[in-house]
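From first to last, the protein sequence lines stand for chains A and B. Position 98, counted from 1, in the first sequence is what the numbering used here calls 98; the numbers after and before it change by one each time, with no gaps. Position 327, counted from 1, in the second sequence is what the numbering used here calls 327; the numbers after and before it change by one each time, with no gaps.
You may find that some hints are simply not true.
As the list claims (entries may be wrong) - Calculated lysine to aspartate or glutamate pairs in the EDC-like style (CA-CA distance at most 20 angstroms, straight line): (1) B:K212 x B:D223; (2) B:K85 x B:D121; (3) B:K251 x B:E466; (4) B:K456 x B:E466; (5) B:K473 x A:E95; (6) B:K37 x B:E25; (7) B:K37 x B:E54; (8) B:K212 x B:E242; (9) A:K53 x B:E280; (10) B:K85 x B:D264; (11) A:K100 x A:D57; (12) B:K225 x B:E287; (13) B:K154 x B:E25; (14) A:K53 x B:E25; (15) B:K212 x B:D306; (16) B:K15 x B:D32; (17) B:K469 x A:D43; (18) A:K53 x B:E165; (19) B:K251 x B:D264; (20) A:K100 x A:D43; (21) B:K468 x A:E14; (22) B:K212 x B:D121; (23) A:K93 x A:E37; (24) B:K468 x A:E83; (25) A:K53 x B:D481; (26) B:K413 x B:D425; (27) A:K53 x B:D121; (28) B:K469 x B:D481; (29) B:K37 x B:E57; (30) B:K225 x B:E25; (31) B:K123 x A:D60; (32) B:K154 x B:D264; (33) B:K456 x A:E78; (34) B:K469 x A:E78; (35) B:K123 x B:E339; (36) A:K53 x B:E399; (37) A:K53 x B:E284; (38) B:K419 x B:E406; (39) B:K225 x B:E165.
Hints are computed from structural coordinates only; laboratory data are not their basis.
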Amino acid sequence: MRIVVKYCGNCNPEINSPRIISHLMRTLHDEIIFHPEGKKPADLLIIICGCRKACVDRPDVRAMGVRAILIKGRWIQELSCGEVVLTRLLLQKIESMKGKIASQTKEM
Amino acid sequence: MAMKTGNQYIESLRKLKPKVYCFGEQVESVVDYPLFKPHVHAAAMTYELAHKPEFQEIMTATSHLTGENINRFTHIHQDTEDLVKKVRMMRLLGQRTGTCFQRCVGLDALNGIYVTSYDIDRKYGSRYHEHFRAFLQYVQRNDLMSAGAMSDPKGDRSLRPHEQEDPDVYLRVVERQSDGIIVRGAKAHITGSINSHEIITMPTRAMGSEDKDYALSFSVPVDTKGITLIFGRQTNDTRRLESGLDAGNPKYGIVGGEALIIFDDVFVPWERVFMCGEHEFALELVETFAGYHRSNYGGCKVGLADVVIGASAWIAESNGIEKAYNIRNTLTEMVSMAETCWSCALACSYEGYQTPSGAYIINPLLANVEKLNITRFTYEWMRLAQDIAGGIIITLPSERDYEHPEIGKFIDKYIRGRKGFSTRDRIRMYRLIENMAVGAGLPEAMQGAGSPTAMKIMIGRGANIERKKELAKVIAGIEEDPYFEEITQVDAKSKGKSEAELKGKKKAKAKRKK
Chain A
1 MRIVVKYCGN CNPEINSPRI ISHLMRTLHD EIIFHPEGKK PADLLIIICG
51 CRKACVDRPD VRAMGVRAIL IKGRWIQELS CGEVVLTRLL LQKIESMKGK
101 IASQTKEM
Chain B
1 MAMKTGNQYI ESLRKLKPKV YCFGEQVESV VDYPLFKPHV HAAAMTYELA
51 HKPEFQEIMT ATSHLTGENI NRFTHIHQDT EDLVKKVRMM RLLGQRTGTC
101 FQRCVGLDAL NGIYVTSYDI DRKYGSRYHE HFRAFLQYVQ RNDLMSAGAM
151 SDPKGDRSLR PHEQEDPDVY LRVVERQSDG IIVRGAKAHI TGSINSHEII
201 TMPTRAMGSE DKDYALSFSV PVDTKGITLI FGRQTNDTRR LESGLDAGNP
251 KYGIVGGEAL IIFDDVFVPW ERVFMCGEHE FALELVETFA GYHRSNYGGC
301 KVGLADVVIG ASAWIAESNG IEKAYNIRNT LTEMVSMAET CWSCALACSY
351 EGYQTPSGAY IINPLLANVE KLNITRFTYE WMRLAQDIAG GIIITLPSER
401 DYEHPEIGKF IDKYIRGRKG FSTRDRIRMY RLIENMAVGA GLPEAMQGAG
451 SPTAMKIMIG RGANIERKKE LAKVIAGIEE DPYFEEITQV DAKSKGKSEA
501 ELKGKKKAKA KRKK
């Protein structure tokens, strides 16, 4: 799966976003890119913001992926948790999305 | 129904018959009672200015429920621009009234309950949010003023609500019926309650499972059977019964006009209940409401600061000292503090974000920092206003002496200042400064929207000290600084260091890591 990661810029983050993404890169065997080239959206977009303001959650960013997971500080998809749990939840969500994509491809 | 004008608001209050007591007597008509009139006028300004083209952009909004044009005091914030316009509205009204205009508490209660009732329904599948939206539509359509009632009397502060000797010192449910609930208890220091249409209650603190009868939020009309409002005294309150000149701000008064509200077995239909027993959401509602409310103070109190800074500058001019270095310096200090608080108000609004309900909320850390600044800076700019005005603000003779046929001429002669400034106007301005800088406005700035300790708790919670420690460890060299290492590598290359040297550095780094 091709995953695009978009950071918010981390001006005053509540979480260590690079640490979370590093963990992802070590754990997953997918292609993770930070600077997508071309207009074709990735299978998954991870928008990782340091706080709930989520200033980078914009339409032009959303267009970078077919589907997206949004992290807003300690919040992942409107669920509040610590960084360790957040990382685990993020991995779970990615795996579940992979499953969905695989079954969709099978149907096709 | 269209938005009310100031006058229509006043007339709408005449139709209500709340049970209000003041100075040991039951008040027949809230709008005609001389002690209350300035408070009613201040609240009426929130209605009147919404009809003026010059203020409409910030005083009105489009309802997300009906698409109708509504008074912003009944609006649910739909984006950060709404949050910004809200604090702009607060500053505007502070400038135009020189006092508390009371209606923001209800606005914050509407927004706080909108957010929390949604979250409760999401967890329990209840219908609070649906009921609340229907109530909100009623408020918007009828352009109602709601009193946000949060503070319970609290009794023994070391005990939780269910541990109190008198179980009524926190507002609670005493009976659940098929069509509604019966509530008993009280809410204290409730701003604008006597001249509101509705009273919206919220819990005052975090609640445990044993406190579930106290985890309560609802709305009732102010004249509901079983409700009694006892109006609070203020410093120099009876001056407004004596004369216009001595009152300082006879049109709009000082602070909001607070009351102790008694709920003596009041029936509330389920359609007006927005939380009943969901104790784990009590804190969320408290913090959401408090965040909204604290963010207002950098608007309204700065509006008041604008007035008192203007009054101080005018007095200095009438004394012929406006060019003196110390006066200019003092005024600059006052402006600097006021604009610092304004910056916080804007910042916490611009840094707001969307909640699951769709409504936007301010940045809670910045809002609490803002209000903590207000608790300090208000005292400071009012102290400086006293400094510029001088001791005369507490020694001036009364209006009756000024109007006295025999001695009035002496006051006119000896209180006079620079040519071109009448003694009467000078007395007016001194009294305004006295009203704003000496009276009830100071503790209101300190305690309104919660005590400084409450703000510090919230600031501590949002401070993320752990991350600051991590930052310090990197700068001190305790932790690795990958970005620095990248820089120095480039630097080394540019200085012509050999590849071997760079490799050596890499090896050393790997060793350190081991």
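Tested hints:
Simply put, K212 of chain B and D223 of chain B have alpha-carbon atoms about 27 angstroms apart, too far for the 20 angstroms limit, and the pair is violated. Proximity of K85 of chain B to D121 of chain B is assessed by CA-CA distance (about 29 angstroms); at most 20 angstroms being required, the pair is judged violated. A threshold of 20 angstroms between alpha carbons decides the hint, and for K251 of chain B with E466 of chain B the separation of about 51 angstroms lies outside it, so the pair is violated. Taking the CA atoms of K456 of chain B and E466 of chain B, the gap is near 17 angstroms; set against the 20 angstroms cutoff, the hint holds.
Under the criterion of a C-alpha separation no larger than 20 angstroms, the hint pairing K473 of chain B with E95 of chain A is inconsistent with the structure, at around 35 angstroms. With a C-alpha separation of about 17 angstroms, the suggested pairing of K37 of chain B with E25 of chain B holds against the 20 angstroms cut-off. As the CA atoms of K37 of chain B and E54 of chain B are separated by approximately 26 angstroms, the hinted pair breaks the 20 angstroms bound. Taking the CA atoms of K212 of chain B and E242 of chain B, the gap is near 48 angstroms; set against the 20 angstroms cutoff, the hint is violated.
This hinted pair does not check out: K53 of chain A and E280 of chain B have alpha carbons roughly 25 angstroms apart, beyond 20 angstroms. In summary, the hint linking K85 of chain B to D264 of chain B is not supported, as the alpha carbons are separated by about 39 angstroms, beyond the 20 angstroms threshold. With a C-alpha separation of about 24 angstroms, the suggested pair K100 of chain A and D57 of chain A falls outside the 20 angstroms cut-off, and the hint is violated. Only pairs whose Cα atoms come within 20 angstroms are accepted, and K225 of chain B paired with E287 of chain B is rejected, the gap being roughly 30 angstroms.
With a C-alpha separation of about 26 angstroms, the suggested pair K154 of chain B and E25 of chain B falls outside the 20 angstroms cut-off, and the hint is violated. With a CA separation close to 51 angstroms, the supplied pair K53 of chain A and E25 of chain B exceeds the 20 angstroms bound. Between K212 of chain B and D306 of chain B, the direct Cα distance comes to roughly 44 angstroms. Violation of the 20 angstroms bound is thereby established for this hinted pair. Between K15 of chain B and D32 of chain B the alpha-carbon distance is near 13 angstroms, which keeps this suggested pair within the 20 angstroms criterion.
Distance hint between K469 of chain B and D43 of chain A is unfulfilled; the C-alpha atoms sit about 37 angstroms from each other, more than 20 angstroms. Proposed proximity of K53 of chain A and E165 of chain B is contradicted: the alpha carbons are some 44 angstroms apart, above 20 angstroms. In summary, the hint linking K251 of chain B to D264 of chain B is not supported, as the alpha carbons are separated by about 34 angstroms, beyond the 20 angstroms threshold. For the suggested pair K100 of chain A and D43 of chain A, the alpha carbons sit about 11 angstroms apart, so the restraint of at most 20 angstroms is met.
Among the hinted pairs, K468 of chain B with E14 of chain A is consistent with the structure: their alpha-carbon atoms are about 10 angstroms apart, no more than 20 angstroms. Under the criterion of a C-alpha separation no larger than 20 angstroms, the hint pairing K212 of chain B with D121 of chain B is consistent with the structure, at around 17 angstroms. With a CA separation close to 25 angstroms, the supplied pair K93 of chain A and E37 of chain A exceeds the 20 angstroms bound. Proximity of K468 of chain B to E83 of chain A is assessed by CA-CA distance (about 16 angstroms); at most 20 angstroms being required, the pair is judged to hold.
Distance hint between K53 of chain A and D481 of chain B is unfulfilled; the C-alpha atoms sit about 27 angstroms from each other, more than 20 angstroms. Note on K413 of chain B and D425 of chain B: the hinted pairing holds, with a Cα-Cα distance of about 13 angstroms set against a maximum of 20 angstroms. The straight-line distance between the Cα atoms of K53 of chain A and D121 of chain B is roughly 24 angstroms, outside the 20 angstroms bound, and the hint therefore fails. A threshold of 20 angstroms between alpha carbons decides the hint, and for K469 of chain B with D481 of chain B the separation of about 14 angstroms falls inside it, so the pair holds.
For the hint linking K37 of chain B to E57 of chain B, the alpha-carbon distance of about 28 angstroms lies beyond 20 angstroms, and the restraint is violated. For a cut-off of 20 angstroms, the pair hint linking K225 of chain B to E25 of chain B stands: about 18 angstroms separates their Cα positions. Taking the CA atoms of K123 of chain B and D60 of chain A, the gap is about 33 angstroms. The hint is violated against a cut of 20 angstroms. Simply put, K154 of chain B and D264 of chain B have alpha-carbon atoms about 17 angstroms apart, close enough for the 20 angstroms limit, and the pair holds.
For a cut-off of 20 angstroms, the pair hint linking K456 of chain B to E78 of chain A is broken: about 26 angstroms separates their Cα positions. Only pairs whose Cα atoms come within 20 angstroms are accepted, and K469 of chain B paired with E78 of chain A is rejected, the gap being roughly 27 angstroms. Taken as a hint, the K123 of chain B and E339 of chain B pair is broken in the structure, with Cα atoms around 42 angstroms apart against an allowance of 20 angstroms. Taking the CA atoms of K53 of chain A and E399 of chain B, the gap is near 54 angstroms; set against the 20 angstroms cutoff, the hint is violated.
About 18 angstroms separates the Cα atoms of K53 of chain A and E284 of chain B, which keeps this hinted pair within 20 angstroms; it holds. At roughly 24 angstroms between alpha-carbon atoms, K419 of chain B and E406 of chain B are farther apart than 20 angstroms, so this suggested pair is violated. The straight-line distance between the Cα atoms of K225 of chain B and E165 of chain B is roughly 26 angstroms, outside the 20 angstroms bound, and the hint therefore fails.
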